[in-house]
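Visitor: Next come the chains, spelled out residue by residue.
Protein chains: 2
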Amino acid sequence: MSQGKRIVLASRPHGEPTSANFRLEDYTPPAPGAGEVLLRTIWLSLDPYMRGRMNDGPSYAAPVPVNGVMEGGTVSEVIASNNPGFAKGDIVLSRAGWQTHALSDGKGLAKIDPKIAPISTAVGVLGMPGMTAYTGLLEIGKPQPGETVVVAGASGAVGSAVGQIAKIKGARAVGIAGGKDKCDYVTRELGFDACLDHRDPDLAAKLKEACPKGIDVYFENVGGAVFEAVYPQLNAFARVPVCGLIAHYNDREARAPKWASSIMFAILTKRLTFRGFIVSDFAAMHGDFLRDMSQWVREGKVKYKEFVTEGLDSAPEAFMGLLKGANFGKQLVRVGPDKA
Amino acid sequence: MSQGKRIVLASRPHGEPTSANFRLEDYTPPAPGAGEVLLRTIWLSLDPYMRGRMNDGPSYAAPVPVNGVMEGGTVSEVIASNNPGFAKGDIVLSRAGWQTHALSDGKGLAKIDPKIAPISTAVGVLGMPGMTAYTGLLEIGKPQPGETVVVAGASGAVGSAVGQIAKIKGARAVGIAGGKDKCDYVTRELGFDACLDHRDPDLAAKLKEACPKGIDVYFENVGGAVFEAVYPQLNAFARVPVCGLIAHYNDREARAPKWASSIMFAILTKRLTFRGFIVSDFAAMHGDFLRDMSQWVREGKVKYKEFVTEGLDSAPEAFMGLLKGANFGKQLVRVGPDKA
Numbered sequence: 265m266s267q268g269k270r271i272v273l274a275s276r277p278h279g280e281p282t283s284a285n286f287r288l289e290d291y292t293p294p295a296p297g298a299g300e301v302l303l304r305t306i307w308l309s310l311d312p313y314m315r316g317r318m319n320d321g322p323s324y325a326a327p328v329p330v331n332g333v334m335e336g337g338t339v340s341e342v343i344a345s346n347n348p349g350f351a352k353g354d355i356v357l358s359r360a361g362w363q364t365h366a367l368s369d370g371k372g373l374a375k376i377d378p379k380i381a382p383i384s385t386a387v388g389v390l391g392m393p394g395m396t397a398y399t400g401l402l403e404i405g406k407p408q409p410g411e412t413v414v415v416a417g418a419s420g421a422v423g424s425a426v427g428q429i430a431k432i433k434g435a436r437a438v439g440i441a442g443g444k445d446k447c448d449y450v451t452r453e454l455g456f457d458a459c460l461d462h463r464d465p466d467l468a469a470k471l472k473e474a475c476p477k478g479i480d481v482y483f484e485n486v487g488g489a490v491f492e493a494v495y496p497q498l499n500a501f502a503r504v505p506v507c508g509l510i511a512h513y514n515d516r517e518a519r520a521p522k523w524a525s526s527i528m529f530a531i532l533t534k535r536l537t538f539r540g541f542i543v544s545d546f547a548a549m550h551g552d553f554l555r556d557m558s559q560w561v562r563e564g565k566v567k568y569k570e571f572v573t574e575g576l577d578s579a580p581e582a583f584m585g586l587l588k589g590a591n592f593g594k595q596l597v598r599v600g601p602d603k604a
Numbered sequence: 265m266s267q268g269k270r271i272v273l274a275s276r277p278h279g280e281p282t283s284a285n286f287r288l289e290d291y292t293p294p295a296p297g298a299g300e301v302l303l304r305t306i307w308l309s310l311d312p313y314m315r316g317r318m319n320d321g322p323s324y325a326a327p328v329p330v331n332g333v334m335e336g337g338t339v340s341e342v343i344a345s346n347n348p349g350f351a352k353g354d355i356v357l358s359r360a361g362w363q364t365h366a367l368s369d370g371k372g373l374a375k376i377d378p379k380i381a382p383i384s385t386a387v388g389v390l391g392m393p394g395m396t397a398y399t400g401l402l403e404i405g406k407p408q409p410g411e412t413v414v415v416a417g418a419s420g421a422v423g424s425a426v427g428q429i430a431k432i433k434g435a436r437a438v439g440i441a442g443g444k445d446k447c448d449y450v451t452r453e454l455g456f457d458a459c460l461d462h463r464d465p466d467l468a469a470k471l472k473e474a475c476p477k478g479i480d481v482y483f484e485n486v487g488g489a490v491f492e493a494v495y496p497q498l499n500a501f502a503r504v505p506v507c508g509l510i511a512h513y514n515d516r517e518a519r520a521p522k523w524a525s526s527i528m529f530a531i532l533t534k535r536l537t538f539r540g541f542i543v544s545d546f547a548a549m550h551g552d553f554l555r556d557m558s559q560w561v562r563e564g565k566v567k568y569k570e571f572v573t574e575g576l577d578s579a580p581e582a583f584m585g586l587l588k589g590a591n592f593g594k595q596l597v598r599v600g601p602d603k604a
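Protein sequences, first through last, are from chains A and B. Taking my numbering as reference, the numbering of the first sequence is continuous, increasing by one, and the terminal residue is 604. Taking my numbering as reference, the numbering of the second sequence is continuous, increasing by one, and the terminal residue is 604.
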């Protein structure tokens with residue numbers, strides 16, 4: 265057995281994570297016990313939610329313990345199996361985390377058929393980010409033909425799918441992204457009707473131009489200045505699916521509820537719906553998602569872009585870049601080759 | 265024709281309304297033209313939303329113009345008719361406003377059958393307040409058996425119906441009201457499981473005791489300190505129908521959206537649904553509402569209380585009292601006798 269590597273949470277970040285919060289360790293991957301499989305990581309997915317797992321405190325999932333392996337979805341190969349459900353060579357979707365090898369009892373593993381699509385899409389457009397876009401937009405946002413949908417992170421894994429699905433449903437899609445290159449990609453390659461740079465000091469005015477009939481669906485995955493620009497432009501009966509708040513993940517200040525009257529007044533007078541969701545809330549839609557999204561990808565109606573860094577060692581730096589918007593597309597770490 | 269009286273908006277309030285914002289005028293009720301009816305007001309309904317109509321500025325309804333008659337729902341008698349749809353002596357639900365007489369072309373009038381229930385209920389438990397409770401609770405709040413529903417203004421027209429309907433649906437009902445007398449009424453007469461005094465400095469702690477399994481539905485009609493006590497105790501997947509914010513109607517400060525991260529984090533991590541509504545959004549449910557609520561009132565499952573002041577002149581004082589929580593039950597002004 266080759267030597268394994270893993271990245272653990274060395275300490276909890278205060279505000280922005282730094283490389284000191286991560287520690288690379290060598291370890292000897294254990295042999296699988298009865299009913300277990302040994303997995304070799306091929307792709308590690310990096311996603312904004314991981315920042316939340318680095319904090320102690322109440323959220324929808326338990327935090328990663330200090331000195332624990334960082335969590336994450338992976339595309340992995342079964343390299344040894346004592347489980348009748350899995351054979352050596354099977355490619356599986358797993359939550360093996362930031363490490364080269366992991367044991368599993370088979371629960372929660374899903375086999376990936378490499379013939380259907382590149383296996384990396386199982387953690388991207390055909391995986392959790394794609395399904396987050398699909399379920400949040402269609403179940404909560406419910407875009408109608410002719411309505412206007414706004415989404416930030418428009419060149420990223422979730423945002424790019426949100427806007428493209430909005431277009432498929434006949435809505436106007438307005439993206440927000442960081443910089444001209446990303447915006448050009450979003451409009452020219454992905455077919456959004458407009459894309460604005462969130463660094464633009466006139467974001468609110470630009471948004472008003474891009475959304476002359478106001479905003480009917482705001483797919484919230486960033487918060488911060490983007491939300492503040494969007495918020496006054498929400499139409500009556502607008503829907504706001506909330507799946508992320510990346511602008512606030514590094515916030516350190518206390519968040520007291522002394523602010524309520526403004527948002528509550530808008531919710532009341534405009535009859536807004538704000539609803540938080542985690543993709544797992546819509547697990548029952550997984551079949552619909554896979555059917556629709558696979559077809560849209562095949563037909564070229566949904567395009568995706570991957571941003572790959574090489575080697576497990578690259579994960580902390582890549583993750584810190586993701587939080588700062590340095591990525592351009594679905595962020596992946598190539599941990600091992602497709603075939604060992 | 266007898267002399268008429270009306271109350272107009274003399275000036276827009278800054279903060280809390282004062283008697284200087286209202287002016288009582290004498291006028292001569294006009295004779296009805298072709299197709300018109302002349303109405304004599306019997307009951308005038310006073311409701312918190314009227315405070316919003318006194319302001320200039322964007323909301324879901326146009327403001328009352330300065331020197332215009334104050335708006336309001338009434339139970340009125342047709343005393344002269346040139347409209348084939350209405351006969352002299354008909355009792356109708358109208359939006360005649362704060363005046364003794366009004367003309368109508370018949371549009372928007374609904375006949376009231378005095379045999380079914382006391383006619384005042386047409387602006388109370390069987391009218392807009394009752395339907396606000398019914399639609400907001402059932403369509404947005406969706407209380408499930410065993411869940412906990414919290415509502416403020418629990419002795420008032422809307423809140424009292426919310427809690428009683430929650431009980432009918434098998435939920436635990438916790439009310440919030442101003443003072444011991446109201447709270448006793450809410451628990452002993454209306455059958456809520458608990459009622460807390462919103463003036464209690466330990467409201468949050470008392471609420472925690474009264475809601476040991478957290479809060480699944482918060483029917484928001486007040487905002488302010490009550491919302492702040494409720495907010496941290498909302499369970500995952502809680503629903504917050506927002507139909508009023510009486511604690512803020514007199515607010516004078518600007519309400520900038522610089523507060524967002526706290527509420528958005530709770531919406532995200534607890535997967536909350538906040539949704540504003542106006543009862544007219546659910547007009548299609550009017551038949552269901554009347555059927556269910558009439559039956560519940562007949563069966564004694566929904567009780568109601570009226571708080572009556574005498575004479576149109578009493579309306580401004582009564583309305584200012586309503587905003588301060590001085591009322592106890594559905595607030596009505598007896599403008600004229602049942603039979604002239």
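Source of the hints: derived by calculation from the structure; they are not laboratory data. This structure is a prediction, so every number in the text was calculated from the model and none was measured. Hints are not guaranteed to be accurate.
Note: identical chains are not told apart, hence a pair may lie in one copy or across any two.
[Claimed, not checked] Okay, derived cross-link-like pairs now, BS3-like style, lysine-lysine, Cα gap no bigger than 30 Å in a straight line:
| no. | residue 1 | residue 2 |
| --- | --- | --- |
| 1 | K534 | K588 |
| 2 | K269 | K470 |
| 3 | K406 | K269 |
| 4 | K470 | K444 |
| 5 | K433 | K534 |
| 6 | K472 | K352 |
Visitor: All the hints need checking, so say for each whether the structure fits it.
Guide: Hint-by-hint comparison with the structure:
no. : hint        : result
1   : K534 x K588 : between (33 Å within a copy, 25 Å between copies)
2   : K269 x K470 : neither (47 Å within a copy, 52 Å between copies)
3   : K406 x K269 : neither (44 Å within a copy, 49 Å between copies)
4   : K470 x K444 : within (14 Å within a copy, 54 Å between copies)
5   : K433 x K534 : both (24 Å within a copy, 29 Å between copies)
6   : K472 x K352 : neither (55 Å within a copy, 53 Å between copies)
Hints 2, 3 and 6 from the earlier list are contradicted by this structure; the remaining hints agree with it.
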